[in-house]
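Chemist: Sequence:
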Amino acid sequence: NNAGVAAGGPVWDCTLADWQWTMGVNLWGVIYGLQVFLPIMYAQDTECHIVNNSSIAGLLPYHPSAPYQVTKHAVVALSENLHHSLAQRNTKIGVSVLCPGWVKTRILDSQRNRPPELQNAPSSEPPSPEYLAIRKQFTDAVEAGMSPKEVADQVVRAIRDERFWILTHSDYDADIRKRIEGALE
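Okay, so the sequence shown: first residue is 1 according to my numbering, each after it adds one.
Heads up, some of the hints might be wrong.
Unchecked claim - Okay, derived cross-link-like pairs now, DSSO-like style, lysine-lysine, Cα gap no bigger than 30 angstroms in a straight line: (1) K136 to K92; (2) K104 to K149; (3) K178 to K92; (4) K104 to K178; (5) K136 to K178; (6) K149 to K136.
Hints were generated in silico from the structure; no laboratory data involved. Just so you know, these numbers come straight off a predicted model, no measurement behind them.
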């Protein structure tokens, strides 16, 4: 289940349309995929695997788009719930959650797929210097990101190894550890 669009910014700048579009694609897309394929996978009673695509933003609080981060955290929680529920039933369905860092994709151009009814009204204000700086930082990060093939290779290895967590960028490990340890303090 792979879906990812990004809209909005901080919570106070997001419109309801930003939330509806992002939740509709990033979270409901995964839910719809599970609704369609889980019954089939369960009925066939053969070894199979689900990979839900989240993001490093599903583990860390740094992403400037509130709707994106919320949906990616939700995909992690949904995947954990599914993983444990299927294990309790002793099914042959494996589950992994993919939490990649920057990958060379067109996610920054995702507005091209936004339905007309969920478009925001055009702004008469020019983009702020802060927005332009963040946009450049993200553009540079995506261009320098991991190739989709490298991510796919890691996913295949994780499925073969029956690993739940697929963290593609180890440079985030210290931040993940710090967040979890902070919750336990």
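Chemist: If any of the earlier hints don't hold here, list their numbers in rising order.
Modeler: The structure conflicts with hints 1 and 3, although it agrees with all the remaining ones.
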